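S.K.: The task is simple: from the sequences and hints, build the whole structure.
Here is how the chains run, residue by residue.
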Amino acid sequence: MTKKLNHKQKSTARVAISTEKSNGPLLKVEDVFLYFKSATGGLVRAVDGVNFELNPGRSLAIVGESGCGKTSLAKAILRLLPRNVATYKGRILLSGTDIMKFGDERFRHDVRWVKISMVSQAAMNSLNPVMKLKDQVAEPLLIDNRTSKKEAYERAREVFRIVGIPVAFLDRYAFELSGGMRQRSIIAMALIADPLLVILDEPTSALDVLTQANIMNALKKIKKELSLNYIFITHDIATSSELADEVVCMYAGQLVEHSTAERFYRDPLHPYAQKLMASVPTLHVYKKPEFITGQPPSLLNPPEGCRFAERCTKRFERCQKEPPLFAHGDEFVKCWLYERG
Amino acid sequence: MNEVKKVQDNILLSVKDLRTWFELKRWGFLHAGFVRAVDGVSFELGKGEAITIVGESGSGKTTLLRTILGLARATEGEITFNGRRIEGQKEHDLAWVRSQVGFVQQDPYGALAPFMNVGGVLREPLIIHKMAEDEQEKRIREVMGEVRLVPVENFIRRYPHMLSGGQQQRLVIARAMILHPSMIVADEPVSMLDASVRVEILELMRKIQDAHNLSVVYITHDLSSVRYFSERVFIMYAAKMVEKTDVQEIVKNPLHPYTQALLKAIPDPEPENADQFRDIPSGEPPNLISPPEGCRFHPRCPQVIKGLCDVDEPPEFEPSPDHFVECWLYK
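Chains as they are written, first to last, in this note's numbering: chain F, 203 to 543; chain R, 518 to 848.
Wrong hints could be hidden among the right ones.
Stated by the list, open to error - In silico DSBU-like pairs for lysine-lysine, Cα to Cα no more than 30 angstroms straight-line:
| # | chain 1 | residue 1 | chain 2 | residue 2 |
| --- | --- | --- | --- | --- |
| 1 | F | LYS477 | R | LYS769 |
| 2 | F | LYS422 | F | LYS336 |
| 3 | F | LYS334 | F | LYS477 |
| 4 | R | LYS781 | F | LYS489 |
| 5 | F | LYS422 | F | LYS352 |
| 6 | R | LYS564 | F | LYS489 |
| 7 | R | LYS769 | F | LYS422 |
| 8 | R | LYS769 | R | LYS533 |
| 9 | F | LYS423 | F | LYS334 |
| 10 | F | LYS490 | R | LYS564 |
| 11 | F | LYS490 | R | LYS724 |
| 12 | F | LYS422 | R | LYS564 |
These aren't lab readings, by the way, just hints derived from the structure by calculation.
Owing to the predicted nature of the structure, the values given are computational and were not obtained by experimental measurement.
M.R.: The following block contains the structure:
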């Protein structure tokens with residue numbers, strides 16, 4: 203982290219959140235709830251009491267099926283909320299500071315994109331077609347006059363080099379770039395304010411296999427060089443292993459397992475995670491994939507007790523009550539089977 | 518090997534040197550070149566055989582499929598289905614093909630009319646192909662049982678939005694099956710579904726295929742699901758079929774540098790992946806309006822032979838029996 207630019211020091215002076223490597227976790231999510239009002243008047247419990255911690259220098263993959271609340275959790279962290287929010291509560295600590303207490307303006311100014319940035323799904327299609335890339339990529343620095351235009355362009359050149367796009371492309375428009383290049387420029391945009399944490403929401407799912415692998419390589423390189431933290435959200439388990447030190451598995455709005463990558467990909471704890479891993483087809487090793495019978499419960503009216511119980515092959519009487527998050531060694535699992543550690 | 522020989526005696530579909538080019542026009546009338554979406558593809562499909570066509574987006578796999586279905590016009594080449602030529606025919610002469618070929622689309626929700634319930638969706642092909650009304654009801658129930666949309670009473674009046682993604686895709690499969698086709702064509706049938714449902718749908722398709730001795734053309738970009746689904750696999754790159762062989766062979770012994778890169782690029786879920794970089798060629802697939810001279814992969818190929826690969830287009834070689842590859846390395 204030697205190549206810090208001036209803008210960095212300037213902005214840290216204003217921002218209360220310390221960028222120093224503290225001993226505590228980089229991100230701590232405590233009892234976060236995010237409910238939406240549905241058109242019929244019910245409550246959609248998209249994120250229902252999620253707790254986890256992420257230590258500095260670690261990357262976290264959030265996996266789960268569509269509709270399990272992965273993206274809602276990311277949006278809750280970044281406070282990118284639609285209008286129909288019914289409940290939004292909990293504590294989100296970034297380097298020890300509770301960013302949930304910040305007002306919207308302060309959050310926008312000090313946190314969003316400055317400390318935590320995001321690359322969302324098919325983001326490459328969201329580039330403005332009538333703006334040159336340099337203006338779009340540098341925009342986060344130009345807003346609020348964080349830096350001078352000259353510095354911002356200099357920084358844009360730097361992040362383009364980091365993500366592996368020729369610097370000359372900064373003077374072009376989005377349509378002149380291929381899909382992979384566009385996605386890389388979005389990643390560059392996410393890096394430009396030198397954030398602590400980048401949330402990647404399905405960053406490669408709209409791309410081809412080889413392009414996807416190239417971008418993954420670039421993300422790994424960036425992680426190493428900038429000692430950046432990622433939260434990587436995907437439904438593609440195989441790809442998730444490319445960037446994960448730790449894995450959070452979600453089911454029906456709840457966190458069901460938080461394990462190290464080693465544990466999750468080899469020998470997951472929660473029965474749902476086990477089934478999910480068994481359903482992943484593998485290319486290089488021959489293993490017959492299985493499927494999970496039934497469907498996830500509706501988030502409008504989730505069952506009492508464990509939400510996976512209905513589809514679980516290991517259920518017993520206790521499962522009628524909702525299990526808390528049990529610690530199992532260093533891992534956390536929301537299942538009665540692990541009641542005794 | 519014997520099995521492959523056996524199916525070649527009863528070929529259902531044969532495609533010879535097929536080209537589908539789309540003309541580009543400037544100002545609506547001036548010729549401005551062609552998009553060569555399919556450019557010289559040949560293969561044969563036996564009765565009861567399942568093949569997979571693997572390729573990236575823009576490699577021409579969907580256009581190939583649409584040409585076979587008669588939805589796009591072939592520029593050159595022959596398509597023979599059940600002994601009859603189907604390319605260049607008039608629309609109304611193709612009705613018999615349409616009853617013989619079932620189409621499973623990629624996005625089940627997009628493929629189903631939102632205002633038609635399950636019964637209506639399944640009845641429509643029967644009405645078009647003039648089945649007697651009392652038989653219609655029987656056939657609908659039969660096919661719903663087969664794709665396990667059971668109990669039938671619970672589902673028959675539901676609309677697509679009332680079904681889960683997996684159930685929608687089963688309905689699309691039921692619709693493809695309802696006229697007793699001899700071939701099913703599936704364009705990325707599981708790419709929109711969750712991992713836990715994917716396998717279920719693939720297994721269902723496999724079961725139906727075995728039960729009715731169907732031929733299946735399965736299109737995907739996901740190589741890892743292929744080995745559970747088909748016998749032979751064709752790899753497409755930039756409108757050409759660069760490698761054709763059986764599934765086990767492609768995983769164990771990929772020959773074309775593109776196939777090798779593809780296999781390297783696809784991760785298995787292993788914790789070690791996070792510490793390793795993948796050694797794969799950079800760059801992007803070529804533009805199909807003016808593809809590169811010679812082999813279309815040569816600008817990205819790590820094993821390029823200067824003076825050959827960038828000059829002459831490689832013909833098809835057969836380095837080992839039933840393993841075809843369009844690459845100069847195997848001259």
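S.K.: Next step is simple, just say for each hint if it's right about the structure.
M.R.: Against the structure, the hints come out as follows:
no., hint, verdict
1, F:LYS477 x R:LYS769, "holds, 27 angstroms"
2, F:LYS422 x F:LYS336, "holds, 24 angstroms"
3, F:LYS334 x F:LYS477, "violated, 47 angstroms"
4, R:LYS781 x F:LYS489, "holds, 18 angstroms"
5, F:LYS422 x F:LYS352, "holds, 29 angstroms"
6, R:LYS564 x F:LYS489, "holds, 28 angstroms"
7, R:LYS769 x F:LYS422, "holds, 28 angstroms"
8, R:LYS769 x R:LYS533, "holds, 28 angstroms"
9, F:LYS423 x F:LYS334, "holds, 26 angstroms"
10, F:LYS490 x R:LYS564, "holds, 26 angstroms"
11, F:LYS490 x R:LYS724, "holds, 15 angstroms"
12, F:LYS422 x R:LYS564, "violated, 46 angstroms"
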